[in-house]
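K.L.:
All chains, please: the whole structure from these sequences, using the hints.
2 protein chains.
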Amino acid sequence: MKKQPEEDVPEPRRRTGGRSARVQAAVLGATMDELKEHGYDGFSVAAVAARSGVHETSIYRRWKSRDGLILEATFALFAQDIPIPDRGSLREDLVNLLSGAVRQLSSPIGWAATQFAMALPRESEMTQEVRQQWAKRFASVREVFDRASLRGEWPAGKNPQDIIESLVGAVYLRVLHLREPVTAAHLKRLVDAVLPVAVDRRREPARTAP
Amino acid sequence: MKKQPEEDVPEPRRRTGGRSARVQAAVLGATMDELKEHGYDGFSVAAVAARSGVHETSIYRRWKSRDGLILEATFALFAQDIPIPDRGSLREDLVNLLSGAVRQLSSPIGWAATQFAMALPRESEMTQEVRQQWAKRFASVREVFDRASLRGEWPAGKNPQDIIESLVGAVYLRVLHLREPVTAAHLKRLVDAVLPVAVDRRREPARTAP
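Quick mapping for you: the protein sequence lines, in order, are chains A and B. At position 84 of the first sequence the residue is numbered 84 (the numbering used here), and the sequence of numbers has no breaks. At position 174 of the second sequence the residue is numbered 174 (the numbering used here), and the sequence of numbers has no breaks.
A few of these clues could be false.
Claimed, not checked - For lysine-lysine, the following DSBU-like pairs were computed, each having C-alpha atoms within a straight-line distance of at most 35 Å:
# : chain 1 : residue 1 : chain 2 : residue 2
1 : B       : 36        : A       : 188
2 : B       : 188       : A       : 158
3 : A       : 136       : A       : 36
4 : B       : 36        : A       : 64
Said to hold, decoys possible - Simulated restraints on C-beta separations:
# : chain 1 : residue 1 : chain 2 : residue 2 : range
5 : B       : 152       : A       : 184       : 31 to 41 Å
6 : B       : 60        : A       : 64        : 38 to 48 Å
7 : A       : 64        : B       : 58        : 43 to 53 Å
8 : A       : 158       : B       : 19        : 52 to 62 Å
Said to hold, decoys possible - Over 12 Å on every C-beta distance to chain A, these chain B residues come out as not near it, computed from the model:
#  : residue
9  : 37
10 : 53
11 : 64
12 : 68
13 : 79
Worth flagging that the hints you see were computed from the coordinates, not collected in a lab. Here a beta-carbon is modelled for each residue, glycine too, at the ideal position from N, C-alpha and C.
P.N.:
This is the structure in structure tokens:
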């Protein structure tokens, strides 16, 4: 794994030392592999322990539960498979990100991951963890808007969260709930429909980033 | 039941005669009551048959499967509980609709309904039915934009589908996936963020409908 999510949002209960980080990466990597091979129903922490060489009790000490481990691995997988783009244009970056989300949600593992997250009880000890994982992901996506601000494509200081949630929400709705296909042309039209008109005008003279 | 959804989108396989419509309404009503009382896991077509006085084989002839019956009842319930508003302002109508969706999704029955729909296999004989139900619902929601066009709040002839899916998607994302609360203030901000700026300017002189 290239990226260790814990480094973005350090939490008191996690040690960020070298060995701890390696152990965490090994467990998350093994979890993703197990999920890919056996799906959610066939998933067991024991198999992750065997695969990663990390003792089961250490896994439970760090992740608390099977669900907690699956959840973090799921988000790590999304972060890994949908890297934050930097194509020199807010529109292109957003279309790229949303294409990645469609691809991921439509894959067997992404589909299963989302079904798993959806099936969590409405309020449980996992809810905070779900929120933290999404917050971390959204913080990464906001980089796209930060760079757009520097290019004059997005008003500096304007919070893009509602726009992000609308775009991601539209894609989730179509794939998961409407069960309708999402094409590249659809995503371009969606981004054009949702981004403020002011952004549209600013885009034209925008220079391309290196 | 006040509304019989079949009358909006007549389908060849459904008879729209008086008796047939009454039978359908009775079965859908009984299905909703059963779902409210026993949830999805405790749901049985036999109980619906007993409650509605319609023979089980007739129910299966019309709805094909337990899932098909649950699906149609779920959408009928949403249509019944979230009526299409007409408050004389596109923004107010949208905030009202989205508030209804939040309320519905957050209710035990709405939550269970969505979990049920989410758990359907990605492609199955139900997929077409899911799409038809959503299409029917979106056709109702578009009435709000048709009326807005007449008031000059929305460009005549402009397809609002992407905007509708973005708004509904943002709400679904927050409630079902992010597990974050959605307040009235949030919905107003969301609608303002997503509706084109041009609409914003047109809104000011809009008159209030009776």
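K.L.:
For every hint, state whether the structure bears it out.
P.N.:
Here is how each hint holds up against the structure:
1. For the given pair, residue 36 of chain B sits about 41 Å from residue 188 of chain A by alpha-carbon distance, which is inconsistent with the 35 Å threshold.
2. The suggested pairing of residue 188 of chain B with residue 158 of chain A holds, with an alpha-carbon distance near 17 Å, which does not exceed 35 Å.
3. Annotation: proposed proximity of residue 136 of chain A to residue 36 of chain A holds, straight-line Cα distance about 23 Å (limit 35 Å).
4. Under the criterion of a C-alpha separation no larger than 35 Å, the hint pairing residue 36 of chain B with residue 64 of chain A is consistent with the structure, at around 34 Å.
5. Between residue 152 of chain B and residue 184 of chain A the C-beta distance comes to about 34 Å, which sits within the given range of 31 to 41 Å.
6. In this structure, residue 60 of chain B and residue 64 of chain A meet the distance hint of 38 to 48 Å, their C-beta atoms being roughly 45 Å apart.
7. At roughly 50 Å, the beta carbons of residue 64 of chain A and residue 58 of chain B sit within the given window of 43 to 53 Å.
8. Here the CB-CB span from residue 158 of chain A to residue 19 of chain B is close to 58 Å, well matched to the stated 52 to 62 Å.
9. Taking the minimum C-beta to C-beta distance to chain A, about 19 Å, the non-interface status of residue 37 of chain B holds against the 12 Å cut.
10. The Cβ of residue 53 of chain B sits about 33 Å from the closest Cβ of chain A, beyond the 12 Å cut-off, so the non-interface label holds.
11. Even its closest Cβ contact with chain A, about 17 Å, leaves residue 64 of chain B beyond 12 Å, as expected for a residue assigned away from the interface.
12. Against the 12 Å criterion, residue 68 of chain B stays outside the reach of chain A, whose nearest CB is about 15 Å from its own CB.
13. Its beta-carbon lying about 16 Å from the closest one in chain A, residue 79 of chain B satisfies the requirement of being farther than 12 Å from that chain.
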